[in-house]
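The lines below spell out each chain.
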Amino acid sequence: MGKTLYQKVWDAHSVGTLSDGRTQLFIGTHLIHEVTSPQAFGMLRDLELEVKYPKRTFATIDHIVPTENQDQPADPLAAEMIDAIRMNCDDFGVTYFDLKSGKQGIVHVVGPEQGITQPGSTIACGDSHTATHGAFGAIAFGIGTTQVRDVLATQTMAMEKLKARRIEVNGTLRPGVYAKDVTLHIIRLLGAKGGIGYAYEYAGSTFDNFTMEERMTVCNMAIEGGARCGYVNPDDTTFEFLKGRPYAPSEEEWDAAVEGWKSFASDPDAEFDDIVKINAEDIEPTVTWGISPDHGIAIGENIPDSADTDDAEEKAVIDEALAYMKIPAGTPIKGIPIDVAFMGSCTNGRLSDFREAAKFLKGRKVASSVKAIAVPGSQITAIQCEKEGIDKIFEEAGFEWRAAGCSMCLAMNPDKLIGDQICASSSNRNFKGRQGSPIGRTVLMSPVMVAAAAVEGKIADARETFDVTDTCAVA
Amino acid sequence: MAIEPITQVSGRAIHVPGADIDTDRIIPARFMKCVTFDGLGEYAFYDVRFDPETGEKTNHPLNDDRFSQASIMLTGINFGCGSSREHAPQSLGKYGFKAIVAESYAEIFFGNSTTLGIPCVIAKKEELDPLKAAVEADPTLEVTIDIENLTVSGGDITIPVTIPDSARHALLSGKYDPIAELLENKEKIEATAASLSYVS
Ligand code: SF4
Numbered sequence: 002m003g004k005t006l007y008q009k010v011w012d013a014h015s016v017g018t019l020s021d022g023r024t025q026l027f028i029g030t031h032l033i034h035e036v037t038s039p040q041a042f043g044m045l046r047d048l049e050l051e052v053k054y055p056k057r058t059f060a061t062i063d064h065i066v067p068t069e070n071q072d073q074p075a076d077p078l079a080a081e082m083i084d085a086i087r088m089n090c091d092d093f094g095v096t097y098f099d100l101k102s103g104k105q106g107i108v109h110v111v112g113p114e115q116g117i118t119q120p121g122s123t124i125a126c127g128d129s130h131t132a133t134h135g136a137f138g139a140i141a142f143g144i145g146t147t148q149v150r151d152v153l154a155t156q157t158m159a160m161e162k163l164k165a166r167r168i169e170v171n172g173t174l175r176p177g178v179y180a181k182d183v184t185l186h187i188i189r190l191l192g193a194k195g196g197i198g199y200a201y202e203y204a205g206s207t208f209d210n211f212t213m214e215e216r217m218t219v220c221n222m223a224i225e226g227g228a229r230c231g232y233v234n235p236d237d238t239t240f241e242f243l244k245g246r247p248y249a250p251s252e253e254e255w256d257a258a259v260e261g262w263k264s265f266a267s268d269p270d271a272e273f274d275d276i277v278k279i280n281a282e283d284i285e286p287t288v289t290w291g292i293s294p295d296h297g298i299a300i301g302e303n304i305p306d307s308a309d310t311d312d313a314e315e316k317a318v319i320d321e322a323l324a325y326m327k328i329p330a331g332t333p334i335k336g337i338p339i340d341v342a343f344m345g346s347c348t349n350g351r352l353s354d355f356r357e358a359a360k361f362l363k364g365r366k367v368a369s370s371v372k373a374i375a376v377p378g379s380q381i382t383a384i385q386c387e388k389e390g391i392d393k394i395f396e397e398a399g400f401e402w403r404a405a406g407c408s409m410c411l412a413m414n415p416d417k418l419i420g421d422q423i424c425a426s427s428s429n430r431n432f433k434g435r436q437g438s439p440i441g442r443t444v445l446m447s448p449v450m451v452a453a454a455a456v457e458g459k460i461a462d463a464r465e466t467f468d469v470t471d472t473c474a475v476a
Numbered sequence: 226m227a228i229e230p231i232t233q234v235s236g237r238a239i240h241v242p243g244a245d246i247d248t249d250r251i252i253p254a255r256f257m258k259c260v261t262f263d264g265l266g267e268y269a270f271y272d273v274r275f276d277p278e279t280g281e282k283t284n285h286p287l288n289d290d291r292f293s294q295a296s297i298m299l300t301g302i303n304f305g306c307g308s309s310r311e312h313a314p315q316s317l318g319k320y321g322f323k324a325i326v327a328e329s330y331a332e333i334f335f336g337n338s339t340t341l342g343i344p345c346v347i348a349k350k351e352e353l354d355p356l357k358a359a360v361e362a363d364p365t366l367e368v369t370i371d372i373e374n375l376t377v378s379g380g381d382i383t384i385p386v387t388i389p390d391s392a393r394h395a396l397l398s399g400k401y402d403p404i405a406e407l408l409e410n411k412e413k414i415e416a417t418a419a420s421l422s423y424v425s
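Top to bottom, those sequences are chains A and B. Read left to right, the first sequence gives residues 2 to 476 (this note's numbering). Read left to right, the second sequence gives residues 226 to 425 (this note's numbering).
A few of these clues could be false.
When the alpha-carbon atoms are kept at most 30 Å apart in a straight line, the in silico DSS-like pairs for lysine-lysine are as follows [to be verified]:
id, chain 1, residue 1, chain 2, residue 2
1, A, 164, B, 350
2, A, 316, B, 349
3, A, 9, B, 413
4, A, 162, B, 323
5, A, 56, B, 413
6, A, 372, B, 258
7, B, 411, A, 9
8, B, 411, A, 56
9, B, 350, A, 194
10, A, 53, B, 411
11, B, 282, A, 162
12, A, 263, B, 319
13, B, 282, A, 316
14, A, 194, B, 323
15, A, 162, B, 411
16, B, 413, A, 164
17, A, 316, B, 350
18, B, 258, A, 194
19, A, 417, B, 319
20, A, 417, A, 327
21, B, 411, A, 4
22, A, 164, B, 349
23, A, 164, B, 319
24, B, 413, A, 162
25, B, 349, A, 162
Derived list of chain B stretches under chain A, where covered just means 3 residues or more per stretch with a C-beta under 8 Å from a C-beta of chain A [as the list claims (entries may be wrong)]:
id, region
26, 244-251
27, 260-274
28, 320-328
29, 352-362
30, 367-379
None of these hints come from the bench; they were simulated from the model. All of these numbers come straight from a predicted model, not from anything done at the bench. Where a beta carbon is used, it is the ideal one built from N, C-alpha and C, also for glycine.
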């Protein structure tokens, strides 16, 4: 019986078995950011420990960075956190992509961009969207701060092995349907808890044909489906993406590295604990209507009504979500007015996301009732967009073009919803209060759907707002 | 780095109802602007304890004085989902919670809590419901979580609970913070590092 990539990477990184039965797993690549690392460095100092392999940890700042003027956090607490990570990286010899480096950005955008994210590796970061890096055939997962300490001190952590589920999507996405819709569709199908205890292997012809950025969008939200990590087997698309990146293997080492990477891909006869099959043609542009990422519906559907179910628990979930969202049960989701449009985050803040949205925004105007902001995922993304004139297209349409950071994905910087504003968002979480206002409302969707909502001033079907017949080249 | 084994936790309990209580709810992100965990206790469940518009106390159970001494939380399914922030169990711990009984947990939250020595045991809904009712009827009820025998009891109710073996063992042997053991295996760590082409 063959092995899955998950199994192979696990075996290659197992240091041994701990007395509680867990595996001591070697973490080849450790990424850190300003929010979950200072306490870990504090613990290290308390225990008088060093960083075991300082070259295997990479740092950047993203969560609290202001996007209007990156250099000037008005908030003294934010400034203190920026100082702390700079000092900790200095003290312990860790590579730090700071604001002046030209390489700063959301940690899950920076890793791949720098070629730090590589197939067959283990990657950990004190951030749940670390699953993103699985797009390269890495086993990548989010960890807590105490585990950040463990990885700093020993380059290992205690971990229990997961089961493996293969999610196969086959076929061609229809025009106007994107990787974001694939991931929202999967979560809708399997539920926000469906992946608990699993690593997800995303496979099938749809994934084979996806770009790396599309694969990242899907893996990014593995965690919203409950899975600790998600991955795609490495292939030529992966290798092509990595070639020539700063931390990728050099020309001399390249062929051997590729051979090594290929050997990690799941064997054709690998055994899975579970297999799910989905037809790409069945996937519609998907948006959320509630307060959990599995509250998703196709854009043409109606908002659920608790009267339609006999299940008491389901009723309660729908009622709670709709009471929070203040939207009427049973009516179309299409047409609900929005106040804010947010383009960005580690799910959809990459070059291809801005390129695709710009294609349709060109010559269009954001509705006057909407505040729209576009936030590149990294300084490198920003510069490339600016080179291609994408920033101008966004600005002319009425978007504010901001500097790199997590921005309105969460509430740790000045970009926040106000009151019960409703936001069409390309990010990954629609939890209560996620976007900074305790009563703010989030509707998750693809970047092109955000663009359509911005233009219409309401939740819209991008296929009606724009001429999407030529999207296949990208999707 | 010897730590005390945790074999049982006793105290008053509180029922915090809800499914999928996520870490943003447990500790809103804006309170994570800190370089230590010290002050997090007072912000646990902040946005549901205080009305976002008026700032007034809501009728959230944590605001109910009858439960002010509770140190065990009884709650629903998929508790702690969402982000990996350890700030969530840290804030619950600093608020005064020593253990949680729920129908299920998000994985990262579970791991983070165990490492901090906050046992998270799992009970079936139909078995947990009577205990929740008993606690609501009598907030002074002493509830005991027995990690050794895998039960939770309060008054004349005793229910079976589960917890993954590794977590149970870690708590009972005082090894829930794995750092000492991880450090011990220095040579094996170095051998693994040497075997990985991208590391060495
Ligand atoms: S963009 Fe959002 S989800 Fe991604 S790392 Fe930043 S805060 Fe987390």
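Right, here's what the structure says about each hint:
For the hint pairing residue 164 of chain A with residue 350 of chain B, the CA-to-CA distance comes to about 25 Å; that is within 30 Å, so the pair holds. Note on residue 316 of chain A and residue 349 of chain B: the hinted pairing holds, with a Cα-Cα distance of about 20 Å set against a maximum of 30 Å. Proposed proximity of residue 9 of chain A and residue 413 of chain B is supported: the alpha carbons are some 18 Å apart, at most 30 Å. For the proposed pair residue 162 of chain A and residue 323 of chain B, the alpha carbon gap of about 27 Å is at most 30 Å, so the pair holds.
A hinted pair counts as satisfied when its Cα atoms are at most 30 Å apart, and residue 56 of chain A with residue 413 of chain B qualifies at roughly 19 Å. The straight-line distance between the Cα atoms of residue 372 of chain A and residue 258 of chain B is roughly 26 Å, inside the 30 Å bound, and the hint therefore holds. Restraint check for residue 411 of chain B and residue 9 of chain A: the C-alpha separation of about 23 Å stays at or below 30 Å, so the hint holds. A distance of roughly 17 Å separates the Cα atoms of residue 411 of chain B and residue 56 of chain A; the hinted pair therefore holds under the 30 Å criterion.
This hinted pair checks out: residue 350 of chain B and residue 194 of chain A have alpha carbons roughly 16 Å apart, not beyond 30 Å. For the proposed pair residue 53 of chain A and residue 411 of chain B, the alpha carbon gap of about 10 Å is at most 30 Å, so the pair holds. With a C-alpha separation of about 43 Å, the suggested pair residue 282 of chain B and residue 162 of chain A falls outside the 30 Å cut-off, and the hint is violated. For the given pair, residue 263 of chain A sits about 47 Å from residue 319 of chain B by alpha-carbon distance, which is inconsistent with the 30 Å threshold.
For the hint pairing residue 282 of chain B with residue 316 of chain A, the CA-to-CA distance comes to about 27 Å; that is within 30 Å, so the pair holds. Proximity of residue 194 of chain A to residue 323 of chain B is assessed by CA-CA distance (about 25 Å); at most 30 Å being required, the pair is judged to hold. This hinted pair checks out: residue 162 of chain A and residue 411 of chain B have alpha carbons roughly 22 Å apart, not beyond 30 Å. Between residue 413 of chain B and residue 164 of chain A the alpha-carbon distance is near 25 Å, which keeps this suggested pair within the 30 Å criterion.
Between residue 316 of chain A and residue 350 of chain B, the direct Cα distance comes to roughly 17 Å. Compliance with the 30 Å bound is thereby established for this hinted pair. With a C-alpha separation of about 29 Å, the suggested pair residue 258 of chain B and residue 194 of chain A falls inside the 30 Å cut-off, and the hint holds. As the CA atoms of residue 417 of chain A and residue 319 of chain B are separated by approximately 27 Å, the hinted pair is consistent with the 30 Å bound. Restraint check for residue 417 of chain A and residue 327 of chain A: the C-alpha separation of about 19 Å stays at or below 30 Å, so the hint holds.
Distance check on the hinted pair: residue 411 of chain B and residue 4 of chain A sit about 28 Å apart at the alpha-carbon level, within 30 Å; holds. Taking the CA atoms of residue 164 of chain A and residue 349 of chain B, the gap is near 23 Å; set against the 30 Å cutoff, the hint holds. Distance restraint check for residue 164 of chain A and residue 319 of chain B: the Cα-Cα separation of roughly 33 Å exceeds the 30 Å cut-off, and the hinted pair is therefore not satisfied. The hinted pair formed by residue 413 of chain B and residue 162 of chain A meets the criterion: a straight-line CA distance of about 19 Å does not exceed 30 Å.
A distance of roughly 24 Å separates the Cα atoms of residue 349 of chain B and residue 162 of chain A; the hinted pair therefore holds under the 30 Å criterion. For the region 244-251 of chain B, the stated coverage by chain A is satisfied: 5 residues place a CB nearer than 8 Å to a CB of that chain, which reaches the threshold of 3. Taking a C-beta to C-beta cut-off of 8 Å, the region 260-274 of chain B contributes 4 residues in contact with chain A, enough for the three needed, and the coverage statement holds. Counting residues of the region 320-328 of chain B whose beta carbon lies closer than 8 Å to any beta carbon of chain A gives 0, which falls below the threshold of three, so the coverage claim is violated.
Residues of the region 352-362 of chain B lying with their CB closer than 8 Å to a CB of chain A number 0, which falls below the three-residue condition for coverage. Counting residues of the region 367-379 of chain B whose beta carbon lies closer than 8 Å to any beta carbon of chain A gives 0, which falls below the threshold of three, so the coverage claim is violated.
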